[in-house]
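Here are the chains, one letter per residue:
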Amino acid sequence: MRLNRRHFLTTTAAGIGALAMPGILRAAQGDTVRIGLITTLSGPGQLYGNYIKDGSEIAVERLNAAGGVNGSKIELVVRDDKNSPEGAVTAFRELTGDGIKLFAQGTFTANLLGTLPLLEEADVTMMMVGASALALTHEAYNPRAFRLGFSSPMCFGGYGNLMAQKHPEIEKWAMLRSDVTALADITNAFSNGLKAEKVKAGRTVEILDPVLVPYGGADFRNQISNIIGSGAPGLFNVLQGADAISYYKQARTFGLDQKFKVLCDSANEFAIAKAMGANTPASLWSWTGWYPAANKDNAVSDEVHKAYIKLRGDEYPNWYIGVSHDSILTIANAVQKAGSMEAAKLIPTIETEAPQGALGKIHFRKEDHGFAGDLTYIRFGRDDKNANGWSVFETAQLPGAEFLERATPGSKLN
Amino acid sequence: MNRLSTYLLVALAAILLLLPLWANSGLVFLTGTTIIVAVFALSWNLLFGYAGLASFGSGGLFSIGAYTMAVMLRQGYEGQFLLLIVLATLAGGVVAFAIGFVALRRSTGIFLAILTLALAELLRITLAKIHWLGAEDGIPSIVRPTFSIGFATVDLSRGNSYYWFVCIACALLVGLTWWIAHGRFGRTLRTIRLDVERAAFMGVDTHRYRLVAFTISGAIAACAGALFAPWAQIVTPDIGNMMRSTQPILFTLLGGASSFWGPLIGAFLFSAIEFSTRTLVGIQEIITGGILLAVVLMFPTGVAGAWNALIAGLSARPEPAKAAPALQPVKE
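Chains as they are written, first to last, in my numbering: chain W, 15 to 428; chain B, 55 to 386.
These are computed hints drawn from the structure, not numbers from a lab.
All residues carry an ideal CB built from backbone N, CA and C; glycine is no exception.
Do not take every clue at face value.
Interface residues of chain B toward chain W, partial, derived using beta-carbon atoms under 8 Å [stated by the list, open to error]:
| # | residue |
| --- | --- |
| 1 | Pro74 |
| 2 | Asn78 |
| 3 | Leu84 |
| 4 | Ala108 |
| 5 | Asp191 |
| 6 | Gln287 |
| 7 | Ile288 |
| 8 | Thr290 |
| 9 | Val335 |
| 10 | Ile337 |
Here are some, though not all, of the chain B residues that point toward chain W, as calculated from beta-carbon distances under 10 Å [claimed, not checked]:
| # | residue |
| --- | --- |
| 11 | Thr87 |
| 12 | Tyr216 |
| 13 | Phe282 |
| 14 | Met296 |
| 15 | Thr300 |
| 16 | Thr333 |
| 17 | Gly336 |
| 18 | Gln338 |
Over 12 Å on every C-beta distance to chain B, these chain W residues come out as not near it, computed from the model [to be verified]:
| # | residue |
| --- | --- |
| 19 | Glu135 |
| 20 | Ala147 |
| 21 | Val225 |
| 22 | Ala232 |
| 23 | Pro247 |
| 24 | Ser260 |
| 25 | Ala281 |
| 26 | Arg326 |
| 27 | Ala352 |
| 28 | Arg396 |
| 29 | Lys399 |
| 30 | Asn402 |
Put together the whole structure using the sequences plus the hints.
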């Protein structure tokens with residue numbers, strides 16, 4: 015067959031059209047409740063994005079097994095935000111163009127800040143999964159978005175309060191963090207929580223200036239020596255991720271866990287124990303967004319925990335699993351109760367409803383849509399009797415609403 | 055450019071202009087982004103393909119344009135939007151001139167590449183620490199402006215009007231780049247790229263020409279960044295990260311450095327691959343990387359070079375044209 019110009023152009027155009035067709039035409043909505051999930055599935059944030067995807071898929075599976083929403087099955091449409099605001103905006107616009115009106119999105123603040131201004135134009139409702147940045151419920155507040163996450167004043171203010179209650183005898187605290195604003199917010203919140211409780215109890219507390227370590231650093235020995243020399247019996251560490259693992263490994267050679275009466279880690283929870291095994295510090299407190307064993311009387315938490323073990327074979331799920339599950343559950347519950355997917359009907363429903371989730375009752379403060387659920391803290395450490403080399407010794411829960419920062423929707427929190 | 059390629063170019067332009075009338079808004083957004091980064095890649099290839107200079111820090115100049123626009127719009131200057139584009143372009147040009155003035159005398163090749171990469175990273179880290187510029191979270195909620203042009207008011211905040219504005223602005227930038235590349239200045243740059251000593255011997259002030267090319271390239275990159283800020287409606291320090299600086303290199307390799315249109319073709323091809331594999335979570339990068347690797351290995355002159363070879367084959371010449379090496383003088 016001789017290929018002439020017309021044949022070539024026609025064939026090429028038809029080929030390109032056939033390939034592109036399913037993706038670019040506006041999809042018709044069937045008899046399903048479609049929820050768009052935008053999260054980070056590539057790049058440095060994909061660890062958390064994968065947890066969010068797993069938790070959301072567990073929620074959809076559970077809800078569909080229970081009959082779906084008003085007889086309709088739930089369909090999760092997952093997109094990668096490529097760890098950038100423009101990736102998140104592309105995914106958001108694509109899904110809204112396909113007619114999706116319900117969204118869950120996490121992990122990074124900047125990616126959420128990229129999509130928040132678009133919610134009104136697209137007339138959608140969004141759950142911000144695990145988001146902690148204050149801006150989301152303050153200066154960048156959007157009435158169509160709900161933050162199912164924990165702000166720093168809430169979870170670390172509560173943390174300081176808990177430590178003041180548990181260890182009233184400790185009157186001097188040292189802190190360790192990198193010179194990063196978000197980590198400074200955490201130490202400030204912890205200090206405020208400590209001080210508030212001490213004042214209430216008529217005691218005083220001395221909080222030393224934080225010892226600063228380089229962000230992404232590898233050698234923390236000088237700073238560890240400084241902390242040990244501080245003479246404080248309490249230590250709050252705010253290093254995160256790989257920095258924290260290196261720090262705890264190096265601290266072990268100094269016998270850090272023998273030098274302090276109370277060791278607190280901000281939010282690394284089981285990542286430390288999983289990485290260090292039998293070398294985990296003897297006793298370490300940490301905040302967590304969800305710990306199934308702390309919710310023994312919560313059937314939803316138990317079911318989600320079992321589903322995750324079945325999915326990944328991991329007995330200690332990251333807290334994002336519970337939070338993302340509850341984000342999808344909150345949306346589904348609201349659609350069921352409101353009998354609609356319209357934002358105008360869903361928003362007041364979410365504001366007033368409090369469905370039972372893995373984290374407990376899921377309810378939001380009406381003024382700024384900040385999550386007002388329970389706070390969970392765990393104490394774990396080295397345990398030679400356990401095959402893992404570590405065990406959880408103690409859990410504590412506090413009512414999160416008591417520690418929520420002041421609501422200032424639309425303006426910055428001063 | 056042969057007649058068939060001209061027809062295709064016109065058809066592509068028509069498809070781009072009519073896209074919002076039938077396509078999903080996600081595809082429209084991605085296309086708008088692609089148009090802007092295609093112009094950005096074109097500015098990079100003005101340096102690489104014409105002047106023979108490789109910069110690995112062009113993302114920094116893109117972010118200078120984007121931040122200039124974002125800050126000025128936040129300060130309420132949306133009424134002077136066209137002037138803001140000029141201002142952002144000048145900002146990129148001035149910074150590029152300053153860098154080029156110092157760097158081009160002392161470094162070329164890999165040294166220039168690493169130096170520009172380091173400067174772009176320095177800028178990104180600095181932006182991430184300035185709270186007035188939103189630090190890590192950047193500047194969100196950037197407005198798409200409404201402004202007056204004397205006899206009429208242009209409202210770019212409604213519907214797809216900003217998309218069409220981007221199309222027109224980028225078409226003008228492509229036209230300007232074409233004019234620069236194909237005029238006496240472009241021809242002199244190509245002479246310098248082919249043999250810098252010979253060009254100098256012939257009386258060409260090679261440093262001055264390269265410095266002007268560096269400045270023009272930086273100005274166009276910043277202009278693309280300025281167009282991008284209201285398009286994405288958010289700028290963060292990562293807008294000028296290493297990935298952004300890699301984009302034009304990737305597009306140029308894919309499309310072909312030896313063609314003026316190569317970076318544009320590469321940009322659209324890359325976006326098409328990314329968009330069509332977006333649902334393949336977890337293996338998307340492997341598929342995209344595999345396709346790119348295959349294209350680069352199979353077509354050393356890029357897609358544009360392969361296209362030219364195909365056209366030459368179809369035009370029933372007695373002998374098919376041989377593929378040109380990657381850094382041959384630019385063909386159209």
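Evaluated hints:
1. With a cut of 8 Å, the hint placing Pro74 of chain B at the interface with chain W is violated, because the nearest CB-to-CB distance is about 11 Å.
2. A cut of 8 Å between beta carbons decides the hint on Asn78 of chain B: the least distance to chain W is about 4 Å, and the hint holds.
3. The closest approach between the C-beta of Leu84 of chain B and any C-beta of chain W is roughly 5 Å, which is under the 8 Å cut-off, so the hint is satisfied.
4. Using the Cβ-Cβ criterion of 8 Å, the hint placing Ala108 of chain B at the interface with chain W is not satisfied: the shortest such distance is roughly 25 Å.
5. At about 5 Å, the closest approach between the beta carbon of Asp191 of chain B and any beta carbon in chain W falls short of 8 Å, and the interface hint on this residue holds.
6. About 6 Å separates the beta-carbon of Gln287 of chain B from the nearest beta-carbon of chain W, less than 8 Å, and the hint is met.
7. Because the smallest distance between the Cβ of Ile288 of chain B and any Cβ of chain W comes to about 4 Å, under 8 Å, the interface hint for this residue holds.
8. Evaluation of the Thr290 of chain B hint against chain W yields a held restraint, the C-beta minimum of about 5 Å falling below 8 Å.
9. The beta carbon of Val335 of chain B comes within 5 Å of a beta carbon in chain W, closer than 8 Å, and the hint placing it at the interface holds.
10. Interface restraint check for Ile337 of chain B: the shortest CB-CB distance to chain W comes to about 11 Å, outside 8 Å, so the restraint is violated.
11. Interface hint at Thr87 of chain B: satisfied, since its Cβ lies 6 Å from the closest Cβ of chain W, which is below the 10 Å cut-off.
12. Annotation: Tyr216 of chain B was flagged as interfacial toward chain W, and the flag is violated, the nearest CB pair being 13 Å apart, outside 10 Å.
13. Hint status for Phe282 of chain B: holds, given a least beta-carbon distance of 8 Å to chain W, under 10 Å.
14. Hint status for Met296 of chain B: violated, given a least beta-carbon distance of 12 Å to chain W, over 10 Å.
15. Restraint check, Thr300 of chain B versus chain W: the minimum CB separation of about 14 Å is more than 10 Å; hint violated.
16. Interface restraint check for Thr333 of chain B: the shortest CB-CB distance to chain W comes to about 8 Å, inside 10 Å, so the restraint holds.
17. At a threshold of 10 Å, the smallest CB-CB gap from Gly336 of chain B to chain W is about 7 Å, leaving the interface hint in force.
18. At a threshold of 10 Å, the smallest CB-CB gap from Gln338 of chain B to chain W is about 7 Å, leaving the interface hint in force.
19. Against the 12 Å criterion, Glu135 of chain W falls within the reach of chain B, whose nearest CB is about 10 Å from its own CB.
20. Against the 12 Å criterion, Ala147 of chain W falls within the reach of chain B, whose nearest CB is about 7 Å from its own CB.
21. Every C-beta of chain B lies more than 12 Å from that of Val225 of chain W, the closest at about 20 Å, which supports listing it as non-interface.
22. Distance check on Ala232 of chain W: its Cβ is at least 18 Å (rounded) from any Cβ of chain B, clearing the 12 Å threshold; non-interface status holds.
23. Here Pro247 of chain W stays apart from chain B, with its beta-carbon at least about 34 Å from theirs, past the 12 Å limit.
24. With a cut of 12 Å on Cβ distances, Ser260 of chain W stays outside the contact zone with chain B, its closest approach being about 21 Å.
25. Interface exclusion of Ala281 of chain W from chain B stands, the closest Cβ pair being 18 Å apart, more than 12 Å.
26. No beta-carbon of chain B is positioned within 12 Å of the beta-carbon of Arg326 of chain W; the least distance is around 15 Å.
27. Every C-beta of chain B lies more than 12 Å from that of Ala352 of chain W, the closest at about 25 Å, which supports listing it as non-interface.
28. Distance check for Arg396 of chain W against chain B: the nearest CB is about 35 Å away, which clears 12 Å, and the non-interface claim stands.
29. For Lys399 of chain W, the condition that its CB be more than 12 Å from all CB atoms of chain B holds, with the nearest at approximately 38 Å.
30. Look at Asn402 of chain W: its CB is around 28 Å from the nearest CB on chain B, clear of 12 Å, so calling it non-interface holds up.
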